[in-house]
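Please model the entire structure based on the sequences and the hints provided.
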Amino acid sequence: MSSIVYVHSGGVNNPERSATPIYLATTAAAMDVEVGIYFTVNGPTLLKKGVAETLIVPKYDGHGAPLRRFIDQALDMGVKFYVCQPSLDLHGLTRDDLIDEVQMIGGAAFNDMCLEADAVISF
Amino acid sequence: MADAPTHDQVLDAKGLLCPMPIVKLAKFMREMTPAQVVLLEATDPGAIPDVAAWSRNTKNPVIHQETEGKVMRFWIQKA
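Those protein sequence lines, which keep their order, are chains A and B. Numbering-wise, the working numbering puts 53 at position 53 of the first sequence, and it's gapless, one number per residue. Numbering-wise, the working numbering puts 39 at position 39 of the second sequence, and it's gapless, one number per residue.
I should point out that these hints are in silico values taken from the structure, not numbers from a laboratory. It cannot be assumed that every hint is accurate.
[To be verified] One side of the interface only, derived from the structure: several residues of chain A facing chain B at Cβ under 7 angstroms:
{"hint": "1", "residue": "Y23"}
{"hint": "2", "residue": "T26"}
{"hint": "3", "residue": "T27"}
{"hint": "4", "residue": "A30"}
{"hint": "5", "residue": "M31"}
{"hint": "6", "residue": "D32"}
[Stated by the list, open to error] For the chain B half of the interface with chain A, some residues (derived, Cβ under 7 angstroms), not all of them:
{"hint": "7", "residue": "P19"}
{"hint": "8", "residue": "I22"}
{"hint": "9", "residue": "W75"}
[What the hints assert, rightly or not] Calculated cross-link-like contacts (lysine to any residue; reagent style SDA-like; alpha-carbon spacing at most 20 angstroms):
{"hint": "10", "chain 1": "B", "residue 1": "K24", "chain 2": "A", "residue 2": "E34"}
{"hint": "11", "chain 1": "B", "residue 1": "K59", "chain 2": "A", "residue 2": "E34"}
{"hint": "12", "chain 1": "A", "residue 1": "K59", "chain 2": "B", "residue 2": "K59"}
{"hint": "13", "chain 1": "B", "residue 1": "K24", "chain 2": "A", "residue 2": "A65"}
{"hint": "14", "chain 1": "B", "residue 1": "K14", "chain 2": "A", "residue 2": "Y23"}
{"hint": "15", "chain 1": "B", "residue 1": "K78", "chain 2": "A", "residue 2": "D32"}
{"hint": "16", "chain 1": "A", "residue 1": "K48", "chain 2": "A", "residue 2": "G106"}
{"hint": "17", "chain 1": "B", "residue 1": "K78", "chain 2": "A", "residue 2": "M77"}
All values derive from a computational prediction rather than experimental measurement. Built from N, CA and C at the ideal position, the CB exists for glycine as well.
Here you go:
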């Protein structure tokens with residue numbers, strides 16, 4: 001099975017950057033690719049409980065959808081979500097502040113995942 | 001053009017935009033049995049390369065396709 005790691009560094013202050021890695025990861029999972037998204041830098045702010053329900057992914061016509069819809073599609077297709085502690089510390093977040101589906105990993109596990117993957121795509 | 005093959009099910013993805021046609025197709029195919037054929041109808045402008053890429057990666061072959069105006073139809077056999 002092929003595998004892709006997406007690195008998502010965008011956060012709540014850039015809603016227009018919030019959904020694209022999640023769409024692409026969902027599509028990869030639909031192609032039977034094993035896929036994970038590593039939320040780092042500002043990425044974990046998207047995963048704080050309650051945030052994605054109200055964060056609207058903008059559209060030119062004004063009819064954007066909440067980020068939560070795209071997160072749910074990704075999880076439903078089997079995409080794995082990862083964070084590491086330093087990027088939580090950056091925002092004063094703890095594991096318990098985040099949605100339940102997130103897995104904590106460290107830098108070594110992240111690097112290992114990248115070395116094992118067929119592609120690493122960074123946003 | 002060759003006649004369209006028979007199909008077992010229809011998946012209407014008209015009006016859906018990337019990535020939803022592919023996501024719906026993937027979920028739909030998981031419920032089908034091998035050798036069954038789904039007729040996918042889509043209007044997403046990227047559907048032709050997207051369905052081809054999906055098919056190549058998942059090994060479910062596109063056995064026939066047609067375009068009529070903005071509607072693209074794909075006959076896809078479950079591997």
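Against the structure, the hints come out as follows:
Annotation: Y23(A) was flagged as interfacial toward chain B, and the flag holds, the nearest CB pair being 5 angstroms apart, inside 7 angstroms. Because the closest C-beta pair between T26(A) and chain B is about 6 angstroms apart, less than 7 angstroms, the hint holds. With a least beta-carbon distance of about 4 angstroms to chain B, the hint placing T27(A) at the interface is held under the 7 angstroms criterion. The criterion of a C-beta within 7 angstroms of any C-beta in chain B is met by A30(A), whose closest approach is roughly 4 angstroms, and the hint holds.
Below 7 angstroms, beta-carbon pairs count as interface contacts, and M31(A) has one with chain B at about 4 angstroms; its hint therefore holds. With its C-beta approaching chain B no nearer than about 5 angstroms, D32(A) sits inside the 7 angstroms limit, and its interface hint holds. Of the supplied interface hints, the one on P19(B) holds, with its beta-carbon coming within about 4 angstroms of a beta-carbon of chain A, less than 7 angstroms. With a cut of 7 angstroms, the hint placing I22(B) at the interface with chain A holds, because the nearest CB-to-CB distance is about 5 angstroms.
Look at W75(B): its Cβ only gets to about 19 angstroms from chain A, farther than 7 angstroms, so that hint breaks. Between K24(B) and E34(A), the direct Cα distance comes to roughly 18 angstroms. Compliance with the 20 angstroms bound is thereby established for this hinted pair. As the CA atoms of K59(B) and E34(A) are separated by approximately 15 angstroms, the hinted pair is consistent with the 20 angstroms bound. Straight-line distance between C-alpha atoms of K59(A) and K59(B) comes to about 34 angstroms, which puts the hinted pair past the 20 angstroms bound.
At most 20 angstroms may separate the alpha-carbon atoms for a hinted pair to count; K24(B) and A65(A) meet this at roughly 18 angstroms. Only pairs whose Cα atoms come within 20 angstroms are accepted, and K14(B) paired with Y23(A) is accepted, the gap being roughly 19 angstroms. Restraint check for K78(B) and D32(A): satisfied, since their Cα atoms lie roughly 14 angstroms apart, inside the 20 angstroms limit. Distance check on the hinted pair: K48(A) and G106(A) sit about 19 angstroms apart at the alpha-carbon level, within 20 angstroms; holds.
Under the criterion of a C-alpha separation no larger than 20 angstroms, the hint pairing K78(B) with M77(A) is consistent with the structure, at around 18 angstroms.
Hints 9 and 12 from the list above are not met by this structure, while the remaining hints are.
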